[in-house]
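Number of protein chains: 2
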Amino acid sequence: MSPEAEEYVNSIAKEKKVSKGDILIRQGQRVENTFYVTSGCIRSFCVDKNGKEHTLQFAIKNWWISDFIAYYDTDIATLTVECIKDSNIIQFNAKDLDEIYLKFSEFEIFQRKILERHVVSLNKRILNQLQLTAKERYNLFTKQYPDIELYTPNYHIASYLGITQQSLSRIRAEKSKT
Amino acid sequence: MSPEAEEYVNSIAKEKKVSKGDILIRQGQRVENTFYVTSGCIRSFCVDKNGKEHTLQFAIKNWWISDFIAYYDTDIATLTVECIKDSNIIQFNAKDLDEIYLKFSEFEIFQRKILERHVVSLNKRILNQLQLTAKERYNLFTKQYPDIELYTPNYHIASYLGITQQSLSRIRAEKSKT
DNA sequence: CTAATTTATTACCATAGGGTATTTTTTTAT
DNA sequence: ATAAAAAAATACCCTATGGTAATAAATTAG
Chain A
1 MSPEAEEYVN SIAKEKKVSK GDILIRQGQR VENTFYVTSG CIRSFCVDKN
51 GKEHTLQFAI KNWWISDFIA YYDTDIATLT VECIKDSNII QFNAKDLDEI
101 YLKFSEFEIF QRKILERHVV SLNKRILNQL QLTAKERYNL FTKQYPDIEL
151 YTPNYHIASY LGITQQSLSR IRAEKSKT
Chain B
1 MSPEAEEYVN SIAKEKKVSK GDILIRQGQR VENTFYVTSG CIRSFCVDKN
51 GKEHTLQFAI KNWWISDFIA YYDTDIATLT VECIKDSNII QFNAKDLDEI
101 YLKFSEFEIF QRKILERHVV SLNKRILNQL QLTAKERYNL FTKQYPDIEL
151 YTPNYHIASY LGITQQSLSR IRAEKSKT
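Those protein sequences? They're chains A and B, same order as listed.
Positions 1 to 178 (our numbering) are the ones given, in order, by the first sequence.
Positions 1 to 178 (our numbering) are the ones given, in order, by the second sequence.
These aren't lab readings, by the way, just hints derived from the structure by calculation.
It cannot be assumed that every hint is accurate.
Remember, identical chains collapse to one label, so a pair may be satisfied in a single copy or spanning two.
What the hints assert, rightly or not - Straight line, CA to CA, 27 Å or less: simulated DSSO-like cross-link-like pairs of lysine-lysine:
#1 LYS143 x LYS49
#2 LYS113 x LYS61
#3 LYS49 x LYS16
#4 LYS52 x LYS16
#5 LYS61 x LYS124
#6 LYS95 x LYS124
#7 LYS61 x LYS177
#8 LYS49 x LYS175
#9 LYS135 x LYS124
#10 LYS177 x LYS52
#11 LYS124 x LYS85
#12 LYS124 x LYS143
#13 LYS103 x LYS113
#14 LYS177 x LYS103
#15 LYS20 x LYS52
#16 LYS49 x LYS61
#17 LYS175 x LYS135
Turn these sequences into a full structure, and let the hints guide you.
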């Protein structure tokens, strides 16, 4: 990136410290920001008609998170984005980012690469969900997020894997046996 | 888009008619193309260790399809992309597209919007998989692809929904009862 | 340090969906 | 039109995962 572009990015970037439990985006509200995680962990989830939570994403270091469904459609949030471990994030306003794209076309490339990476990751997630058992998905998960279990409750992970917390507990018990 | 950009796009776009059964991308081969569907239907799927197929995407009119996992990482295909109904597609070579981005930055915006739409769609797919029952997913599917059942075998749809063909058959039977 | 609260484990039974096999229906080929 | 092949439906039983509930462990608050 050119120095000017970088300067501009810095001018709209809002570095923030957020604490466990902080809500960055609340379901039902307008989504104006996207967040880049430099440390810690942020989670996005939805709540279904029965009040059950389903985790869409865990964002750790170097990942972006928001309610992308609402963000890209400039719509009301269906997701909640919550800090689950004290984190350092960089907040970007959607409108500010839009201007960057106009002023510095080099930034488009940047963003395109991020989006491409995101598509790849989502594609893999879907394929895993289709072809792996809960146990296999859990094993993969622990590799992808090596220390997430240290600070994330069981049921958050279960809700990401698409199983109940009891099932996850059983899988873990079975695993520790051998 | 400017006339020049449009002309350039046309110069690299390869319009093609493809027939049911044609393979556009073969698992294990290098992925150099992405396809835009103007009519018909193209399917992407993977084959797991047990030889079972899992459908990642059905691309109908106005959708893009490829093995995006391999395409964006310039890697070997893990997916197969297959024509399941006589279709008209426009084929784009990855390298040609890369040049477009360099020559016409306006095209980046275009591509960014496509990617954003893709991310939204994949996010929704994951959330549906997490919170809906097989029956609910099937009902949603028939709305999203109203006439796909006319030309797609049962087991392709089942493999997209993440259930067996027998389960899908049962769901359909139950539905036609009421 | 203790009590209160949250989280995880375990047990029990229920059920959605899977696997194998058979039959029926539909499609394709001759 | 008939045979062959493919696809769909159905049946039967099985298994992974879900739901409820009770217990145990860990964390947090006072």
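(message) Output the indices of the hints that this structure fails to meet, ascending.
(response) 3, 4, 7, 10, 14, 16
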